[in-house]
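Chains as they are written, first to last, in the numbering used here: chain A, 1 to 519; chain B, 1 to 305; chain C, 1 to 352.
Simulated from the structure, these hints should not be mistaken for laboratory data. Be aware that a few hints might be false.
[To be verified] Selected chain A positions facing chain B (in silico; Cβ < 7 Å):
no.	residue
1	Pro83
2	Val120
3	Leu290
Just so it is clear, CB atoms sit at the ideal spot from N, CA and C, and this is done for glycine as well.
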Amino acid sequence: MSKSNDSQSAQEPLIALRGITKSFPGVLANDHVDLDIYGGEVHALLGENGAGKSVLMKILYGFYHADAGRILLNGESITIQSPHDARNVRIGMVFQDLNLIPVFSVAENIALFLPDLKAVLNPKEIDRRIIEISERYNLKVDPHALVSQISIGEQQKAEILKLLLSDARLLILDEPTRVLAPHEVEALFGVLDNLRKDGYAIILITHKMKEVLECADRITVLRRGRVAGTMPRAEASEDKLVALMFEKELAGLKINPRGGVDKALEPLLELRDVETYSEGTGTSLKGINLKIYPGEIVGVAGVSGNGQKELCDVVLGMELCAKGRKFLYGNDLTNHSIQTMRKNGVAFTPENPLSMASVPFMTVLENMALTNTWRYSRRGGFSMDWQAVRADVEETEKRLGFAVNLYSLARSLSGGNLQRMVIIREMTHTPRLIIASYLTRGLDVQSAIAARQALVQARESGAGVLLVSEDLDELFTLSDRLIVLYGGKIVGEFKPEETDIYECGHLMTGSEVQHVAKS
Amino acid sequence: MSLLAILGVLSSAIFSGISLLYTTLGEIIDERAGIINLGLEGVLLVSASSGFAVTFVSGNPYLGVSVAMLVGGLMNMILGYLVINRQANQLASGLTLMFFGFGLSALIGKPYVGAKIDGLPRIPLPGISDLPTLYTSLFSFDILIYLAIPVAILVWWLLFRTRWGLGLRAVGENAETAFASGRNPRLIRYQALFTGGLLAGLGAAHLSIAYTMTWAEYMTAGRGFIAVALVIFSRWHPMQAIAGALIFSGAVAFQLLLQSSGVEISPLLLDTIPYVLTLLVLIAWGGNRKQSAPASLGRVFYGSE
Amino acid sequence: MSQRADTYTRSLFSSPKILNNVVVRYLLMILLVFVFFGLILLISGKDPIQSYKDIFTSTLGSAYGFSEIIVAMIPMLITALAVAFPWRAGLINIGGEGQLYIGAAFATWGALTFQDLPAWILLPLMMLLGMLGGALWAFIPGYLKAIGLVNETITTLLLNSVAPKIVGFLIFGFWHSAMDTVKTANFVPAALLPTFFGTRIHLGFIIALVLLALFWFVMKYTRWGLEMRAIGGNPQAARRNGIPLKGYLIVVMCIGGAIAGLAGMSQVSGFYGVLLLNFSMGLGFMGFLISWLAGGQPIGILLMSFVVAIITTGGNLLQLTRDLPYAVINILLAFTLFIVLARPKFFERKKT
Chain A
1 MSKSNDSQSA
11 QEPLIALRGI
21 TKSFPGVLAN
31 DHVDLDIYGG
41 EVHALLGENG
51 AGKSVLMKIL
61 YGFYHADAGR
71 ILLNGESITI
81 QSPHDARNVR
91 IGMVFQDLNL
101 IPVFSVAENI
111 ALFLPDLKAV
121 LNPKEIDRRI
131 IEISERYNLK
141 VDPHALVSQI
151 SIGEQQKAEI
161 LKLLLSDARL
171 LILDEPTRVL
181 APHEVEALFG
191 VLDNLRKDGY
201 AIILITHKMK
211 EVLECADRIT
221 VLRRGRVAGT
231 MPRAEASEDK
241 LVALMFEKEL
251 AGLKINPRGG
261 VDKALEPLLE
271 LRDVETYSEG
281 TGTSLKGINL
291 KIYPGEIVGV
301 AGVSGNGQKE
311 LCDVVLGMEL
321 CAKGRKFLYG
331 NDLTNHSIQT
341 MRKNGVAFTP
351 ENPLSMASVP
361 FMTVLENMAL
371 TNTWRYSRRG
381 GFSMDWQAVR
391 ADVEETEKRL
401 GFAVNLYSLA
411 RSLSGGNLQR
421 MVIIREMTHT
431 PRLIIASYLT
441 RGLDVQSAIA
451 ARQALVQARE
461 SGAGVLLVSE
471 DLDELFTLSD
481 RLIVLYGGKI
491 VGEFKPEETD
501 IYECGHLMTG
511 SEVQHVAKS
Chain B
1 MSLLAILGVL
11 SSAIFSGISL
21 LYTTLGEIID
31 ERAGIINLGL
41 EGVLLVSASS
51 GFAVTFVSGN
61 PYLGVSVAML
71 VGGLMNMILG
81 YLVINRQANQ
91 LASGLTLMFF
101 GFGLSALIGK
111 PYVGAKIDGL
121 PRIPLPGISD
131 LPTLYTSLFS
141 FDILIYLAIP
151 VAILVWWLLF
161 RTRWGLGLRA
171 VGENAETAFA
181 SGRNPRLIRY
191 QALFTGGLLA
201 GLGAAHLSIA
211 YTMTWAEYMT
221 AGRGFIAVAL
231 VIFSRWHPMQ
241 AIAGALIFSG
251 AVAFQLLLQS
261 SGVEISPLLL
271 DTIPYVLTLL
281 VLIAWGGNRK
291 QSAPASLGRV
301 FYGSE
Chain C
1 MSQRADTYTR
11 SLFSSPKILN
21 NVVVRYLLMI
31 LLVFVFFGLI
41 LLISGKDPIQ
51 SYKDIFTSTL
61 GSAYGFSEII
71 VAMIPMLITA
81 LAVAFPWRAG
91 LINIGGEGQL
101 YIGAAFATWG
111 ALTFQDLPAW
121 ILLPLMMLLG
131 MLGGALWAFI
141 PGYLKAIGLV
151 NETITTLLLN
161 SVAPKIVGFL
171 IFGFWHSAMD
181 TVKTANFVPA
191 ALLPTFFGTR
201 IHLGFIIALV
211 LLALFWFVMK
221 YTRWGLEMRA
231 IGGNPQAARR
241 NGIPLKGYLI
251 VVMCIGGAIA
261 GLAGMSQVSG
271 FYGVLLLNFS
281 MGLGFMGFLI
291 SWLAGGQPIG
301 ILLMSFVVAI
311 ITTGGNLLQL
321 TRDLPYAVIN
331 ILLAFTLFIV
341 LARPKFFERK
351 KT
């Protein structure tokens, strides 16, 4: 375990993970992962969606139990069964959704977690301790301010203070810069630098290249649950890292050349300078200009959390346009109801069919009718034509080539079957615009193939598709055009054959190096 | 509208409202921990009747007050079992407790209906003993009245200046965060319910032992429900509850005052003022995070527990 | 033309295993209740067997006794429905008490104002007024909930306390009879719901049954029932599917209020024949509890109302004949609820 070229070879790692393996139904999240964390270093954990970074850290923090592997503290094996245990060995974690109580002040939130809090609170003493640490590390925040009234950046500072004051010495930060403004990011890096100098160990989970290169001492890249590589900062470069993050095999992806889209036709959907406003930990969209033409699939690449959900929701009508206009078939339908969008042939398959698109205790048949109740209601609404629902569903099933049992309860279906149900429902009545959000996430191979085929079929019949996915393979194969979302903006737009994985990877991670695409 | 009349109203409002204040303080503690108690009416009745019975039998009002407090705490434990252990719907559980209280209090109080006791001794406000008897009698208060504001301050101190109170409020906002800090939300909720029950018992004791000094069925006259509204009106803050209790109980006395000065407003309409005020307060402050209900109490209302 | 409703609900009643669960659950509970009541009677020094005999002979044993049970059931059926209907859309309407008072008040106004109209016009008019009153009283909570400002549980609770006082004000101030300030003059015969077979069972019973049947029909077969259930089951999914959430919340709340208002009308017009101060002794809350016990299902509501009616009527009887304090009935009710809420293992059922 000794590193030949740095001073840490003399030390034991503070925390060492050996052979950590964890699987969930259908996916191997961590595959024999080894990781060493030393005191006084900022260690970046880099990887794209589904690489396993979050799971690994949650195991370290006690939220999950590893299936196999050991955790070593200063060389000795320990068990961490719960966050309580983790905090006992002075490990602290700041989550993406901050864990603060909004109506409490900063001081009260911190006090809640102080291990040596006195029975009778001494506000002055608590304030003093907070101010002392906050000045030391430049984490200035007003202890008396209510959490609900301070910015996200300040809330994050409060969370870090909370960890420091509850005596943590290993800090895990999960995508901390996702919600920060650029100057706040700089400030955070300053803080991390000071902490590092004082001997704290910091793990930074991120997918952003700039951060990694700016503040990390060592970098570990995870890819599909395995460690793809570990290196000190000096040896790292953007190209190297991107190559590790994204599988080389995909570089030689076979892409079917397609006939061009007839741009003379009117676009089905147009977003003009659309902006949305997201509260809290959502991502606001800025300056979105997008057109989708009939007969094309527009793929949206990007690490999740960069505005994909907001983009889909704003097209559907679930999210309001704070600025800008939305046109459907040339008509200005900005901020019109979801019902209007649907009646105009807009369909939507969400990333979580159970919680977002189906009513668990209803049967599949009933769920099928929900999108189009107006179409199936007879006698002014007094009865529902279930025959017709069944007939339509069966026809769609024939067209798509897969089926679902109409009489099962939605909540008893597997993820794959639920997604099939939602696809069948949305594809009925030939939609003209389909919003497919993470269509194949969590699906078994069969269902994924069937789902993709459904999209292709729809495209062949002249529909337009907005496909959000974290699977670059899928995006490159299916899309006619590709856009990349980063930080709520579209940072790239091209045809799949004009670019490659690496350029995409760069854009997805906010890297500024322009990789020259193979032509 | 003579001075005497005004003072009379004030005195009456204070006597009538102290039980409301104690009950409200207790319910503030409960709701701050995330539990709403619709059964307060039943709790008050059982406490009042048992306290009265003990006082009657033993001749010792202080014993009666202690018993009433204890009984209040125990009644709330029933709610706690249903809501915390069995995770039952809080509203239905509260109503259950209410019916139980109606029945049990009637049984306990049956032999004592209309009986009279000496109750808690009344001490004149310091400094007024020189005034004519009329005034001194208006402002001779029992010890529970004198203790009311100190107790309110005590409740404030408990909630906002102790480690226990911090944890309790955290449980009421977000039980998971409280759990993550190493606390036991269930235990804390039980503690909150017991403490709240003690205070409700104290309020009930004042009603039967110190104020009316008798027992009659349903003598609490809706104070349990008024307290729930008053908690909301006070925005879950003990100090604001003092003002609220005066306003609420003053409405009745205020109407007497109006009548005596020739103004005819229906007492019934005046009785609605507390509730209408609470509703207006809710609407005015509805969007404001700081003034709204403890977060996990809100979940009760969305039927998700 | 054949309307085949969701087959699952049909299979619910044809599959023996599930049938077992639902009915056995109710029967077991009723049994426990009666055993506990017997215990209480013993403790109070009454003979349980004799007491039960008394109850049964005078309630179920005689035609008149049985009719009294039905009379007691009527308001409970309707107020339970006023809770069950909004509950399907995820709304908690605990404001039945207030809504029924205002409904009764509106209906009373009609009875007192239009004394010359024939019954076949006056009664439907009063019914409409009753529904209007209840709906209005439920509109405020519904609207506040829909715009996300205050939730309906608090607002309905508060308005519950306001309504009886407004009604009292109306009685004292404007409507009281010459002899008695706590009630209005007796309604004219045309304003009274007709009774049947020389009993006190009034048309309200038919109204209640019709409403229950309508409820069942709407929920199971109609488009609105489907959409309501979707909102109750998963509001986000309902919204994403284009169902207009806000509109439904307001309308459904108002309908719940209207039903409770109708209960109020039926009590003053069919049972009392006059508007009495504080005539509802917790009917709204009783409805909430019955709906809750019955899981919001029509059959359950019928059953539970029946059981509760026996308990209260029997209790009244025992109070007269055997000097049993009414307090015992309250305790019995509380115990019944406690058992259901504490959810012992064999009562376990999946959340619908």
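Each hint tested on the structure:
1. Pro83: It holds, given that the least Cβ distance between Pro83/A and chain B is near 6 Å, below 7 Å.
2. Val120: Status holds, d = 6 Å.
3. Leu290: 33 Å, violated
Figure legend: structure checked against the earlier numbered hints; the only hint not met is number 3.
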